[in-house]
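A.B. asks: One letter stands for each residue in the lines below.
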Amino acid sequence: MRIGAVKRPATPEQARDLAREHGAQALYLAGATSLHFLTDASQKLGKEAKRPIDKNLGKEAKRPIDKKVAILLDRLDLRGISDDGRRYCIGAMTSLAELMNFRAQRWAFHETVRRTATHQIRNISTIGGNICRVFPWCDLPVALLALDAQMLLLGEERYSLSADDFFASQPARRLANGDLLLYVELPPLAAHMGFGYRKEVVTLSGFSLMTVAVRLCLEQGAISSARVAAGGALPFPRRLSQVEDLLVGRPAAPDTFVAAAEGVQGIPWKGREDWSDAYTLQVAKVAVHDALQRALDFAQRRN
Amino acid sequence: MATRLTLSFTLNGAVRSFETDPNERLLDLLRREGLKGAKAGCREGVCGACTVLLDSRAVYSCLLPVCLADGHRVTTVEGIGDQADPHPIQKALVDAGAVQCGFCIPGIVVSAKALLDESARPDDEEICEKMDGNLCRCTGYEKTFAAIKAVLAARQSLDDEGASHG
Numbered sequence: 001m002r003i004g005a006v007k008r009p010a011t012p013e014q015a016r017d018l019a020r021e022h023g024a025q026a027l028y029l030a031g032a033t034s035l036h037f038l039t040d041a042s043q044k045l046g047k048e049a050k051r052p053i054d055k056n057l058g059k060e061a062k063r064p065i066d067k068k069v070a071i072l073l074d075r076l077d078l079r080g081i082s083d084d085g086r087r088y089c090i091g092a093m094t095s096l097a098e099l100m101n102f103r104a105q106r107w108a109f110h111e112t113v114r115r116t117a118t119h120q121i122r123n124i125s126t127i128g129g130n131i132c133r134v135f136p137w138c139d140l141p142v143a144l145l146a147l148d149a150q151m152l153l154l155g156e157e158r159y160s161l162s163a164d165d166f167f168a169s170q171p172a173r174r175l176a177n178g179d180l181l182l183y184v185e186l187p188p189l190a191a192h193m194g195f196g197y198r199k200e201v202v203t204l205s206g207f208s209l210m211t212v213a214v215r216l217c218l219e220q221g222a223i224s225s226a227r228v229a230a231g232g233a234l235p236f237p238r239r240l241s242q243v244e245d246l247l248v249g250r251p252a253a254p255d256t257f258v259a260a261a262e263g264v265q266g267i268p269w270k271g272r273e274d275w276s277d278a279y280t281l282q283v284a285k286v287a288v289h290d291a292l293q294r295a296l297d298f299a300q301r302r303n
Numbered sequence: 001m002a003t004r005l006t007l008s009f010t011l012n013g014a015v016r017s018f019e020t021d022p023n024e025r026l027l028d029l030l031r032r033e034g035l036k037g038a039k040a041g042c043r044e045g046v047c048g049a050c051t052v053l054l055d056s057r058a059v060y061s062c063l064l065p066v067c068l069a070d071g072h073r074v075t076t077v078e079g080i081g082d083q084a085d086p087h088p089i090q091k092a093l094v095d096a097g098a099v100q101c102g103f104c105i106p107g108i109v110v111s112a113k114a115l116l117d118e119s120a121r122p123d124d125e126e127i128c129e130k131m132d133g134n135l136c137r138c139t140g141y142e143k144t145f146a147a148i149k150a151v152l153a154a155r156q157s158l159d160d161e162g163a164s165h166g
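Chains as they are written, first to last, in this note's numbering: chain A, 1 to 303; chain B, 1 to 166.
Derived by calculation from the structure, the hints in this document are not laboratory data. All clues given are correct.
Output of the computed footprint for chain B on chain A, the stretches with three or more beta carbons under 8 Å from beta carbons of chain B: (1) 1–7; (2) 32–38; (3) 68–78; (4) 120–134.
For each residue, glycine too, the CB sits at the ideal point set by N, CA and C.
Build out the structure end to end from the sequences listed, making use of the hints.
C.D. replies: Okay, structure coming up:
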């Protein structure tokens, strides 16, 4: 894949129209850090692109290089975080560094972002770019699933999708018709809620090998609702409904968390970095347990 | 014929125009222009040797398509200081013995400058968070950390002196 032309729209509507005009050749670019994973090796080495090699024939294929029309989104007014009391509204072009630096009483998302990538990446990578093309190691979708985020998009008109629907499959495919993510809305963490997050990596700034995020709602010492999500050791981030079912209606206590962590069995974990299936399962149990305990600690600290 | 893109940005204080392949990364453009301070280490956004400032933010120039620099300010290590007039962090890194093979140092200078410009009094955690994108295989980071702390201490002394005279 190569960039054949560059467009720089001034409004989301112009961006959408450009994407529709160019169809499959259109490529939205936000922070462009994931471009690295989409380009061929010769570009990464700063060389002229060659035609793609056809592995079956062992020689250069005759198919043409896929030239994209890059639609840069950096001039769109989609940056920053606002709080209207009912939700935090995050512009899709807000950088991860801005998210990391944001603090509010009913906000915990910075805990996820500060453990994502390096400072240089956080400075340029945007929330929109990070969640519209999801790689297995992406952390933000896991936290957004747990935090019950809503995505506000622009198609023919504006429309909303829950995180559950948005991440039901690869968002980039869903948005291939030119629809554009405008905002991510996060409900505030009320006083009876707790958020817990656990990420396993080789180095602090490394790609996730296991990420678990939890939001618990507590009522009189019992768990009234739970959202548990995982990624990193899964092909795609997802809710862990088996774990959630073992939490709701039970006391928020260590025994409950130990039992709930057993709910990770039966989930098709896919460990990386040569993790065996048994080790991946064990890490999943520990990560879920720790994230649950952290969510409880979070809620108790606030009350 | 290959697609060409005309763009302009402020490079180390001077407005410059370039005609380039839109696929080119900023690192390659800079080195083609003779600015060899930013190093091509990993070329995949890990090592930090290619770090430059985009406006005031430290970014990996090896990941940045040139089109995203259009209209911005780019500062490389050459625009921060030189042997005749080093930036305080450059002097501190030398004084602390943080420079051994030196390959990582341009990136570390740029990231440390961004940190020192962003935060008046960063604590240890913030220093670690904002320097986490620069790898050094020689010094083990202790001396880099000491150099940043030395600049902060000197800044604090100046502030205290100013306050006592104020």
